[in-house]
Amino acid sequence: MATADAAVDLKTPGEIAKLAGLLALVALPLFVSEYQVSTWSTYLTFALLALSIDLVWGYTGLLTLGHAAFFGAGAYVTAKLLKEVPAVPDAAVVFVVAPAFAALLTLGLGWFLFSADVKGSYFAITTLIVSIIFESVAGEFVGFLGGFNGIYGVPSIQVVGFELTATMSYYLALGILVGSYLFLRLLVGSAFGRVLRGIRGNQERTEFFGYDTQRYRLIVFTLSGAMAGVAGSMYATIDGFVSPPLLGFVLSTQVVIWIAVGGRGTLIGAVFGAILIQYLNSTLSDVLINYWEMGLAVLFIAVVIGAPRGIVGLLSDTVEGVQTSLDSANRGDLGAGGELDD
Amino acid sequence: MTDTEPLLRAEGLTKRFGEFTAVDDVDFTVQPNETKALIGPNGAGKTTFQNLLTGKLSATEGTITFDGEDVTHVSPHERAQRGIIRKYQITSVYEDETVLENMRLAFRSRASSPWELLRTHDDSDIRDRIEELLSIANLHDEQHTTVGTLSHGEKQWLEIVMAVGAEPELLLLDEPTSGISVGETDDTVDLIEEIRSKENVAIVVIEHDMDFIRKVSESITVLDRGEIIASGTIDEIENDETVQRIYLGEAADA
Amino acid sequence: MITTIASVVPLQLADRVLISLTSISGLVLVASGLTIIFGLMGVLNLAHGALMMVGAYTAYAVQSAGFSPWLGIVIAPLVVGLIGVAMEVTLIRRLYDRPLDTLLATWGIAIVLQEAVTIAFGTSQKSVAPPIEGSVSLLGVTYPAHWAFIIVVTIVVMAITIGLFAYTDIGIMALAVIQDREMASAVGINTRVSDRTTFGFGSALAGLSGAIMAPLLSVNSTMGIAWLADSFLVVIVGGVGTFTGTIAGGILLGGLDNLFRTVISGYTSIAQAAVLVVALIIIRYRPQGLIPAGERGE
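Chains A, L and R supply the protein sequences, listed in that same order.
full-length UniProt numbering puts the first residue of the first sequence at 1, with every later residue one more than the last.
full-length UniProt numbering puts the first residue of the second sequence at 1, with every later residue one more than the last.
full-length UniProt numbering puts the first residue of the third sequence at 1, with every later residue one more than the last.
A few of these clues could be false.
[To be verified] Computed far set for chain L versus chain A, every beta-carbon distance over 12 Å:
| # | residue |
| --- | --- |
| 1 | 11 |
| 2 | 32 |
| 3 | 62 |
| 4 | 65 |
| 5 | 124 |
| 6 | 196 |
| 7 | 197 |
| 8 | 199 |
| 9 | 210 |
| 10 | 214 |
| 11 | 227 |
| 12 | 228 |
| 13 | 238 |
| 14 | 239 |
| 15 | 240 |
[To be verified] In silico EDC-like links for lysine to aspartate or glutamate, alpha-carbon gap of 16 Å or less:
| # | chain 1 | residue 1 | chain 2 | residue 2 |
| --- | --- | --- | --- | --- |
| 16 | L | 215 | L | 186 |
| 17 | L | 215 | L | 235 |
| 18 | L | 215 | L | 190 |
| 19 | L | 56 | A | 117 |
| 20 | L | 56 | A | 204 |
| 21 | L | 198 | L | 169 |
| 22 | A | 83 | A | 239 |
| 23 | A | 119 | A | 204 |
| 24 | L | 56 | A | 212 |
| 25 | A | 119 | R | 101 |
Please keep in mind that the hints were generated in silico from the structure rather than gathered at the bench.
Just so you know, even glycine gets a beta-carbon here, dropped at the ideal spot from N, CA and C.
Bound conformation, chain A alone (with noise of 0.2 Å):
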C-alpha cells in the first residue's frame, strides 16, 4: 500500500474515474426531479459521514462503530438552532456550532478512552454503546427533543435572508464533501498521515519511535468528530427531519458496511460505497429490500474475509495489472506512482 503523492495526476484511470463521478454528480439535478436532488443531496452527506470515519478507521485502525452519533448531534443541534434561534446565522449553525458541538464530544470520548489506552476491540463496543446511550437519551426527551417522533420541519439554510433552494442545499454539501475529500487526501498523504497508518499498523511501535500516538489519535477523532457534525448539520437542513436512529448504532454499523464494500482505507470507497448502496437501496422495492439487504451483508463479510480495500482495491488492482502487463518492458522504476486510490 504505497502513498500516492498528494500531487493530483489527471492522467492515471483512477483520477479519470473521479473526474468522470464527480462530473456526474454535478450534472445530476439537470436530470433529477426537485425531490430528487433533497434525497441525493442526503445521500452526500452520509458519503461525508462515511469519509470521516474512514479517516478513523480505514487510515487509523480505529474501528468507530458509534460515529452517528456525532452526526446526530450536529443534526440535533442544527435542527434546535435553527428552528428556535434565528438569530445564529445559518452558516454559522452549520460551520461553526455543530462541528464544534460534535468535535467536543468527540474530544471528550476520545481523551476518555484514549487517556486509557481503550483500542481494538473494546474502542469498536465502547463506541458502539455510546451511539446506543445517545439514541436512547434523545428518544426519551420528548419535549426537548421530540422524544421518537424527533424534531420535524427544520428550516433549509437561509443565507442574508435568502432560502437555498433544494438545487443549490444540492450544491453546497457536494462542495462540502469535494472539500473535504480533497483536504483528507492532503492530510493522509502528508507525514501526518503515515502516522496514522504507522498507528493503525502497530501502535506500540509508533510509540515506541516516538511518536504520542495519544495525541495523534485525539486529533483524528475530533477532526473526524467536526466532519461527521457537518455532515449531520447538512443532512437536517435538506432533509427537514431529526430523529433518533441518526443517532444510533444501526446507522453506524451500516455506513461501516458502505466504507468496508467501497474499500476502507482509500476515502475514495467510502464516498463510492456510501452513494452506490444507498442509491441502490431507494430503487429497490420492498419485497425485495430484505434479499437485497442480506445479500449486501454476504458482498460485506466476503470483502471483510477476502478483499480488506473492497471494490475499489478490486479496481485499482485490476486496472494496475492490465497496465503493468502493458507497458511493463519500457517502464522504469517512477517511485510511488501507478497507485490509484490515495
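Fit chains L and R to the known structure of chain A by using the hints.
Frame of chain A; chains L and R shown alone:
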C-alpha cells in the same frame, strides 16, 4: 571512559510483578558512544529490564537518568524523543507498507509536534540519509517493496536502520540475530560495525549468541534472575565461574 | 425460611427483589453463550444477539406448528447450535487471529439472520407462550411461574456449564485448545473439532436463552440488538473469561438497571442509558472487569 558523565544511569532499578521480582536492584550505566552487551539465560529479566529503560513498564523502585535528567517517570514516546530507541526482539516493522514508507515514518519521529508533519515531501537531506542507511542495510533496491514480503533477516536490518534513522543517542537492540541464518548473522555484524563506525550512538545489545557478542562489543553485563552477577570484558566474563555455572546449567537443562 | 423473610420484608421490596432476580437471571442466561464464545474463545461475535433471536423464533415456529412449548425449548438450542457450527466452519475459522474482522464478519451474519427471519416470518411482532402457565407464591408475592422457571434454568445452565469446563474431559480439552492451540495440537487434541464444538455449544446456549426468554419479550427480527450490547457489557464488566465474572456482571448491571428504573421511574430509556454509562466507566477504569481471569505474567 568512566570519567565522563554516563549517557544512561540506572540505579537500584527494580520491577516486581506481585511476588515475583523480575529485575532486582540493578545498577547499570552506559557511556556515550559505548557498545555494551547484556546477556543472561532465558527468564533472566533482560526484556523486562529493557522495558523499564524504554518506559513500557514503570519501575517499582529505582531511578533512570538519561542525559543528566531523571526519566524514571517519563512516558515511552517522550523517552524516544529524547533519544532512547529500541529494536524489538520479534521484528516490529510496518508489514503493509513499503520499505521507504517505513523509513520515512522512523525519520520524522523527532518532529516536536504533529503539526510539523503536515507536509507531503521530505527534504533532500532526509532522502539522502534514507538512501545512505538503506545502502548500509543492503535494502537500497527494495525501497518500493512491501515489507511483508521481505525475508526475516531483511526485516531485522530494516528495523535496525529505522531505529538509527530515528536519531537515537542510545540504541537498544533486542536479539538482533534471533531467527536468522548464519550468513545473515554475519551481515548483521557488519551492519552494526558500520553503524558503530559512522554514527554517534551508544548501543546496548541483548543477545544469547556469544560469538556474535564477541564481534560487536567489548563489554558485557550478565543478568541472572533479575540481578547483575558479573560485568567486564569478554575474556573476563568467559572465565568467570559463576557465569560458566549458569550457562552450563542452562545447557544441561536444555 | 422463606416465610420468615416474607414476614419481615415489606411486600414492595420483595416484589422488587424478585423482579431484579428475574432480570439478572435473564441477563446471565443470555450472556452465558457469549461468555464461552467471546470470554473463553476470544471471538467477538456480534451475531450473538441474532442467534438469541433465532432461538426465540424457533420457539415461536414450534408453537405455531401446534407443538408443546417444551419442544421449542429443546429444539431451539439444536437449531442455533447447528447455525453456530456452520458459522465456525465457514467463517470464524479463518478469522481467529483477526479480531476486528471477526467483529465485522459476525455483524454481517447478524444481518443475514435478521433478514432471513424477516423474509420467513414477516415484520410483525410475535408472541410466544411460556411452557409453564400460572403463578407461584414466593416471599409472599404472587409471581408468574415462568419467571421462577427462568431463574431455575439460569442456575442449572450455569452450574452445568461451569461443571463441563471444570471437570469433564471434553471441557478441559476445549480450554486447553483455547489457551494454547499449538500445545494442544501437539498432545494430540483435534483443535478443529474442539473449536467447532465449543463455538456450537456457545451458540446453542444463545438459542436456548432466546427460547426461554421469548415469552417475556416482544419477538421480532431486531430484538437481538439490545441483548447483544447487554451481553457484551455483562461479560466485559464481569471479567472476560470467567463464568463467575458473567454472574457478577449480570448482578451488577441487572441490579443497577432495576435500581435506576425505580429511582428514575417513568424514564426507562434514561435508566438504561445510565446503566450503560456506568458500564463504560467500569470498562475505562477497570478493563479487566470485576472478577478478572488469572494474571498472564508480563
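Results of checking the hints against the structure:
1. Taking the minimum C-beta to C-beta distance to chain A, about 23 Å, the non-interface status of residue 11 (chain L) holds against the 12 Å cut.
2. With a minimum CB-CB distance of about 19 Å to chain A, residue 32 (chain L) clears the 12 Å threshold, and the non-interface call stands.
3. At roughly 21 Å from the closest C-beta of chain A, the C-beta of residue 62 (chain L) stays outside 12 Å, upholding its exclusion from the interface.
4. For residue 65 (chain L), the shortest C-beta to C-beta distance to chain A comes to about 19 Å, beyond the 12 Å cut-off, and the non-interface label holds.
5. No beta-carbon of chain A comes within 12 Å of the beta-carbon of residue 124 (chain L); the shortest separation is about 14 Å.
6. The Cβ of residue 196 (chain L) lies farther than 12 Å from every Cβ of chain A, with a closest approach of about 21 Å, so its non-interface assignment holds.
7. Look at residue 197 (chain L): its CB is around 24 Å from the nearest CB on chain A, clear of 12 Å, so calling it non-interface holds up.
8. At the 12 Å boundary, the C-beta of residue 199 (chain L) stays outside the reach of chain A, the nearest C-beta of that chain being 17 Å off.
9. Every CB of chain A is more than 12 Å from the CB of residue 210 (chain L) (nearest about 28 Å), matching its label as outside the interface.
10. At roughly 28 Å from the closest C-beta of chain A, the C-beta of residue 214 (chain L) stays outside 12 Å, upholding its exclusion from the interface.
11. No beta-carbon of chain A comes within 12 Å of the beta-carbon of residue 227 (chain L); the shortest separation is about 26 Å.
12. With 12 Å as the threshold on Cβ separation, the claim that residue 228 (chain L) sits away from chain A holds: the shortest Cβ distance comes to roughly 24 Å.
13. Every C-beta of chain A lies more than 12 Å from that of residue 238 (chain L), the closest at about 33 Å, which supports listing it as non-interface.
14. At roughly 37 Å from the closest C-beta of chain A, the C-beta of residue 239 (chain L) stays outside 12 Å, upholding its exclusion from the interface.
15. At the 12 Å boundary, the C-beta of residue 240 (chain L) stays outside the reach of chain A, the nearest C-beta of that chain being 33 Å off.
16. Note on residue 215 (chain L) and residue 186 (chain L): the hinted pairing holds, with a Cα-Cα distance of about 9 Å set against a maximum of 16 Å.
17. Pair hint residue 215 (chain L) plus residue 235 (chain L) holds up; C-alpha atoms about 13 Å apart against a cutoff of 16 Å.
18. Distance restraint check for residue 215 (chain L) and residue 190 (chain L): the Cα-Cα separation of roughly 9 Å lies within the 16 Å cut-off, and the hinted pair is therefore satisfied.
19. Taking the CA atoms of residue 56 (chain L) and residue 117 (chain A), the gap is near 13 Å; set against the 16 Å cutoff, the hint holds.
20. For a cut-off of 16 Å, the pair hint linking residue 56 (chain L) to residue 204 (chain A) stands: about 9 Å separates their Cα positions.
21. For a cut-off of 16 Å, the pair hint linking residue 198 (chain L) to residue 169 (chain L) stands: about 13 Å separates their Cα positions.
22. The hinted pair formed by residue 83 (chain A) and residue 239 (chain A) meets the criterion: a straight-line CA distance of about 14 Å does not exceed 16 Å.
23. About 12 Å separates the Cα atoms of residue 119 (chain A) and residue 204 (chain A), which keeps this hinted pair within 16 Å; it holds.
24. About 14 Å separates the Cα atoms of residue 56 (chain L) and residue 212 (chain A), which keeps this hinted pair within 16 Å; it holds.
25. A C-alpha spacing of about 14 Å is found between residue 119 (chain A) and residue 101 (chain R), which places the hinted pair at or below 16 Å, so the restraint holds.
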